[in-house]
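Enquirer: Under our numbering, the first residue of the sequence shown is numbered 55, with each subsequent residue one higher.
Take these hints with a grain of salt, some might be off.
As the list claims (entries may be wrong) - Simulated DEER-style distance windows between Cβ atoms:
1) 149 with 123: 22 to 28 Å
2) 152 with 260: 46 to 52 Å
3) 189 with 124: 20 to 26 Å
4) 154 with 298: 26 to 32 Å
5) 211 with 191: 33 to 39 Å
6) 298 with 177: 35 to 41 Å
7) 164 with 264: 42 to 48 Å
8) 164 with 191: 49 to 55 Å
9) 195 with 299: 32 to 38 Å
10) 154 with 251: 38 to 44 Å
Derived from the structure by calculation, the hints contain no laboratory data. C-beta atoms are modelled at their ideal positions from N, C-alpha and C, and glycine is treated no differently.
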Amino acid sequence: MKPWGNVIVVLGLGLAAAGCGFSDGGPDWAKGAVGGSVGSSVGGGGGTVDYLHDVKPLLQGCVGCHSTMATNYPLSSGLADDMADYNATVAQLDTTTPDNSNLLLYASNNGVNHTGGGPWPQGSAEYDLILQWIADGTLFDSGTGGGGGGGGGTFPANPVYADIKVHLQSCATTGCHATATGYRLTLNLTDDAADHASTLNWIDLGAPSNSLLLRKATQQAGHPLKVFDVGSTPYDQLLTWISQGAPLN
Numbered sequence: 055m056k057p058w059g060n061v062i063v064v065l066g067l068g069l070a071a072a073g074c075g076f077s078d079g080g081p082d083w084a085k086g087a088v089g090g091s092v093g094s095s096v097g098g099g100g101g102t103v104d105y106l107h108d109v110k111p112l113l114q115g116c117v118g119c120h121s122t123m124a125t126n127y128p129l130s131s132g133l134a135d136d137m138a139d140y141n142a143t144v145a146q147l148d149t150t151t152p153d154n155s156n157l158l159l160y161a162s163n164n165g166v167n168h169t170g171g172g173p174w175p176q177g178s179a180e181y182d183l184i185l186q187w188i189a190d191g192t193l194f195d196s197g198t199g200g201g202g203g204g205g206g207g208t209f210p211a212n213p214v215y216a217d218i219k220v221h222l223q224s225c226a227t228t229g230c231h232a233t234a235t236g237y238r239l240t241l242n243l244t245d246d247a248a249d250h251a252s253t254l255n256w257i258d259l260g261a262p263s264n265s266l267l268l269r270k271a272t273q274q275a276g277h278p279l280k281v282f283d284v285g286s287t288p289y290d291q292l293l294t295w296i297s298q299g300a301p302l303n
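Using the sequences and the hints given, assemble the complete structure.
Expert: Here it is, written out as structure tokens:
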């Protein structure tokens with residue numbers, strides 16, 4: 055295990071600039087509701103788009119900033135409080151003119167100054183999913199398993215890097231780990247092999263829960279802010295990946 059070094063901001067936190075986005079739609083388990091892609095849940099996915107199954111996975115790349123920084127869009131640590139996060143998200147919508155929703159204006163960086171950039175450009179699958187969610191009535195839980203089109207949406211028992219990459223997305227920005235020393239990631243996680251190799255330096259395969267990747271994110275080891283809690287979904291999924299040997303693929 056290497057020393058943490060002079061890393062000032064870790065795992066989705068930016069004291070100067072913070073990112074909250076995806077370079078792609080994320081792994082299969084995080085796309086749509088119960089499987090399929092984000093795009094498949096928009097127009098023909100076979101179900102109604104809802105918060106719990108469809109929208110919440112898209113917010114994994116935002117929570118590192120919006121659960122720790124002072125913003126007008128607060129989210130709970132690790133998206134642990136579904137109802138509070140749902141209400142906060144609905145408050146960012148304009149159901150009369152959906153394209154004017156703050157959630158979309160900021161996520162697409164359209165005419166606003168979003169320090170997280172524009173992770174969901176206009177016309178992207180994520181952007182269109184939010185439009186469909188509004189059209190479907192901004193439901194919390196549709197009871198239909200979401201609009202992802204069916205299939206297995208649970209986190210895999212033997213995850214690979216692509217399955218946990220979603221939890222690192224908001225780290226890989228200018229001002230965070232795309233420019234930091236120590237734990238260095240490529241901007242927007244564009245090089246899986248390099249980012250995987252870098253991440254391996256901060257995990258402990260012999261004692262997964264002692265991995266600095268987890269201890270820093272949960273503020274157990276000298277980190278200025280907490281990214282997620284022990285026992286939260288991001289923590290448990292990263293812990294599972296490390297316990298399985300942290301494979302690239």
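Enquirer: It remains to establish, for every hint, whether it holds in the given structure.
Expert: Now the hints, each set against the structure:
Taken as a hint, the range 22 to 28 Å holds for the pair residue 149 and residue 123, whose Cβ atoms sit roughly 27 Å apart. A hinted range of 46 to 52 Å holds for the C-beta pair residue 152 and residue 260, which are about 50 Å apart. Range check, residue 189 to residue 124: Cβ separation about 32 Å, and the 20 to 26 Å hint is violated. At about 44 Å, the CB distance of residue 154 to residue 298 disagrees with the hint of 26 to 32 Å.
Judged by the Cβ atoms, the range 33 to 39 Å given for residue 211 and residue 191 holds: they are separated by roughly 35 Å. In this structure, residue 298 and residue 177 meet the distance hint of 35 to 41 Å, their C-beta atoms being roughly 37 Å apart. Between residue 164 and residue 264, the C-beta spacing of about 43 Å keeps the proposed range 42 to 48 Å intact. One distance hint, 49 to 55 Å for the beta-carbon pair residue 164 and residue 191, is violated here, with the actual separation near 24 Å.
In this structure the hint that residue 195 and residue 299 lie 32 to 38 Å apart at CB holds, the actual value being about 35 Å. For the hinted restraint 38 to 44 Å between residue 154 and residue 251, the CB-CB distance of approximately 43 Å keeps it satisfied.
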